[in-house]
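Same order as they appear, the protein sequences are chains A and B.
Note that our numbering has the first sequence beginning at 1, numbered continuously upward.
Note that our numbering has the second sequence beginning at 1, numbered continuously upward.
Warning: the hint list may mix true and false statements.
Below, in silico cross-link-like pairs of lysine-lysine (DSS-like), each with a Cα-Cα straight-line distance of 25 Å or less [what the hints assert, rightly or not]:
no. : chain 1 : residue 1 : chain 2 : residue 2
1   : A       : K97       : A       : K33
2   : A       : K86       : B       : K171
3   : B       : K369      : B       : K289
4   : B       : K289      : B       : K251
5   : B       : K379      : B       : K397
6   : A       : K27       : B       : K177
7   : B       : K177      : A       : K86
8   : B       : K530      : B       : K397
9   : A       : K27       : B       : K53
10  : B       : K379      : B       : K289
11  : B       : K369      : B       : K417
12  : A       : K97       : A       : K9
13  : B       : K171      : A       : K97
14  : B       : K171      : A       : K64
15  : B       : K518      : B       : K530
16  : B       : K486      : A       : K61
17  : A       : K61       : B       : K177
18  : B       : K200      : B       : K117
19  : B       : K399      : B       : K500
20  : B       : K200      : B       : K248
21  : B       : K486      : B       : K500
Derived by calculation from the structure, the hints in this document are not laboratory data.
Here is how the chains run, residue by residue.
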Amino acid sequence: MDEKINLQKVLDVIYGAIDALNDSLPKDRRIEKSPQASLFDQSGAVDSLGLTLLIVGLEQKIEKELGVRVTLVNDAVMDMEGSPFKNVSTLASYISKLVAEQNG
Amino acid sequence: MLRGLLVTDFTAEVLANYLNNLEGLPAVEVSAAAFNQVMPVLMSPGDPSHQQKDFLFIWTQPERLFDAFRRFLEFEDVSIDEILQEVDQFCHLLRPWEKTTANIFVATWMLPPYQHKMNILQDMKTRHGLSYCLMKMNVRLVENVADSRSIHVLDTRVWTETVGRNAFNPKLWYMGKIPFDPQVFKEAASGIKAALRGLKGLSRKLILLDLDDTLWGGIVGDDGWENICLGGHDPMGEAFVDFQRALKSLKQQGILLGIISKNEESVALEAIRRHPEMILKEEDFSGWKINWMDKAQNIAELTSELNLGLSSVVFIDDNPVERARVRETLPDVLVPDWPQDALLSRQSLLTLGCFDSPNVTAEDMNRSKMYAQERDRQKVMAQVGSPEEWLKGLDIKVKVAPLLNVDLARTAQLLNKTNQMNLTTRRMTEGELAQWADHPSRRLWTFRVADKFGDSGLAGIASLEIDGNIGRITDFILSCRVFGRKIEDLMFFIVHYYAKKDGVRQLQARYLPTPKNKPCLEFLRRLGLKEAEPHIFTWDTEQDYDAPQQLTMDLFDGSTANAK
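All chains, please: the whole structure from these sequences, using the hints.
Written out as structure tokens, the structure reads:
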């Protein structure tokens with residue numbers, strides 16, 4: 001699969017998960033759908049409850065839409081220097097890498 | 001704005017957000033009690049932080065709330081009776097809340113389906129069966145609170161089964177102490193809002209139906225009534241029959257049915273009268289407009305003839321053009337998208353979530369019949385000379401009683417549904433009303449009306465708050481079905497009569513205007529009460545007020561009908 005298309009597909013999955021998350025957030029705390037949108041960083045755009053919902057929602061969507069079962073939070077993520085959940089762009093790169101690894 | 005408190009043994013923010021975000025009446029603002037503090041919260045109903053909540057929603061997990069059930073789950077030798085005793089204790093804690101909170105919702109207990117799969121042969125056994133035990137616990141909960149006007153049990157399964165296999169997600173539990181998928185909370189929020197709408201009298205009351213390809217398949221004007229698709233050994237025909245059965249069930253619960261159809265009236269009515277598989281009969285419809293006029297105009301006219309507001313109406317039509325026209329012209333009417341596939345009609349109707357009601361009263365079950373009786377009355381009126389003569393001929397009997405427990409459900413329903421002949425349009429749940437009326441300085445009378453055409457049931461309410469020698473009329477409510485027959489005059493006579501007996505020297509009525517209750521204002525002015533300031537009416541009880549002579553009264557304390 002072309003890497004660019006792959007990344008766009010991953011972004012679409014993330015945006016779908018953000019839609020679902022926004023539905024369950026107070027109206028003034030909804031997350032923007034763009035690669036630059038902050039997630040779990042100092043800005044506090046997403047709190048720990050929101051991050052939990054986003055991660056679980058994403059894992060379900062990745063399995064359904066990309067046909068790959070991934071675990072987004074594991075020991076390796078905890079040891080990584082920069083958090084992949086900082087913004088939409090870092091999350092998309094992280095998911096693309098995981099999906100590529102799963103696909104061999 | 002209704003304020004609610006969520007009491008859960010899990011993270012409740014998601015449910016709170018869904019409830020706060022959901023549009024539509026009633027607006028709610030909920031907060032979550034401290035995480036996993038169910039028992040401490042329930043044991044302190046008087047805590048100031050819990051005061052002034054309109055509703056409480058309690059949602060707990062059985063293995064976390066009940067120690068005996070947790071041990072049962074771990075296959076210890078625990079008797080179901082021991083678990084049920086804990087359920088009893090839990091229910092006991094709910095009772096003091098009835099005094100401070102109008103509505104208390106309790107969600108039933110359940111476990112994820114995978115828990116039941118551990119041993120499916122044991123699951124329904126009476127000794128260690130998990131499903132059996134949960135059923136008993138939920139039944140015990142329902143039975144323990146059955147006499148309560150304020151406590152309502154809501155079935156969690158409705159929400160989890162709607163969401164399906166993803167309803168439970170162990171990851172959400174371990175990572176965020178969230179036992180269900182967010183979609184379950186979304187369903188629950190819709191359910192709670194629907195329940196609140198029902199309790200506050202905001203449910204829809206009238207379903208207006210198209211005929212061709214909505215109530216039956218095919219075009220009756222083209223195909224003839226013998227050839228419409230209805231019943232028979234045909235999936236579509238069976239689906240139309242089932243749709244009609246669902247409508248009939250709603251009718252039995254007090255929802256009115258009407259027809260809005262572009263057809264020849266005689267042709268359409270012939271199909272209703274003669275087709276052997278029609279579930280809905282002519283008498284099931286409170287009215288109809290079957291002609292070639294604009295449907296929006298027909299809806300407005302029929303709704304007005306039935307003395308209802310447009311916000312009471314649901315319009316069902318298979319034609320998207322007609323739906324769009326009605327949506328645009330009459331925005332208060334609920335016009336749901338309707339499936340092209342008739343096999344889905346019944347499901348679509350039953351999931352509208354706008355017909356909830358806390359009780360089904362005798363008046364609800366006979367409502368359509370009452371509208372048919374009203375048509376008979378109007379026919380007679382057209383034949384007699386004067387309104388006075390007509391009224392005398394009706395042989396109206398009014399039975400007056402104080403608020404009885406047996407009438408509480410219907411009284412609250414009338415209080416919450418009546419818009420036109422309503423002095424203050426205050427809305428209260430049964431619990432709130434019972435509490436209000438219980439005060440020694442307050443009086444509340446109910447009025448049952450019958451005439452030679454039939455029984456209209458409990459159709460009027462008047463209430464009075466006595467403060468020294470002043471009597472303030474708090475409610476003056478009469479169903480529009482019987483308004484204009486001097487019953488309102490008789491109600492004022494009753495208020496005057498009993499107020500005077502209680503030592504009241506002056507009656508006061510403060511009219512609170514709404515877009516719909518002008519008939520009440522006109523009535524007060526017609527009675528001749530003093531209106532010193534706009535909308536504030538008084539009557540000195542020294543001045544007699546005569547009972548209308550055309551009516552017969554039956555008073556609860558045996559007083560004579562001619563008393564002044």
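Quick one, are B:K518 and B:K530 close enough, alpha carbons at most 25 Å?
holds (17 Å)
25 Å Cα cutoff - pair B:K369, B:K289:
OK: B:K369 and B:K289 at ~18 Å, within 25 Å.
Sort out whether B:K417 lies within 25 Å of B:K369, counting only the CA atoms.
Holds - the C-alpha atoms of B:K417 and B:K369 are around 19 Å apart, at most 25 Å.
Does B:K171 lie within 25 Å of A:K86 when you go C-alpha to C-alpha?
Given that 25 Å is the threshold and the Cα spacing comes to 21 Å, the pair holds.
Holds or violated: B:K200 with B:K248, Cα cutoff 25 Å?
Roughly 24 Å separates the two Cα atoms, so the pair holds.
Does A:K97 lie within 25 Å of B:K171 when you go C-alpha to C-alpha?
With Cα atoms ~22 Å apart, B:K171 and A:K97 stay inside 25 Å; holds.
Pair hint outcome, A:K97 versus A:K9 [Cα-Cα no greater than 25 Å]:
holds (13 Å)
Assess, step by step, whether the Cα of A:K97 is no farther than 25 Å from the Cα of A:K33, and give holds or violated.
Given that 25 Å is the threshold and the Cα spacing comes to 21 Å, the pair holds.
Verify the proposed pairing of A:K27 with B:K53, using a straight-line Cα cut of 25 Å.
holds (23 Å)
Assess, step by step, whether the Cα of B:K530 is no farther than 25 Å from the Cα of B:K397, and give holds or violated.
At roughly 29 Å apart (the allowed maximum being 25 Å), B:K397 and B:K530 break the hint.
Next pair to validate is B:K399 with B:K500; report whether the Cα-Cα distance is within 25 Å.
Roughly 20 Å between the alpha carbons, so the hint for B:K399 and B:K500 holds.
For the pair supplied as a hint, B:K177 and A:K86, confirm whether the alpha-carbon distance does not exceed 25 Å.
holds (23 Å)
In the structure shown, a violation is registered for the earlier hints numbered 8, 16, 18, in ascending order.
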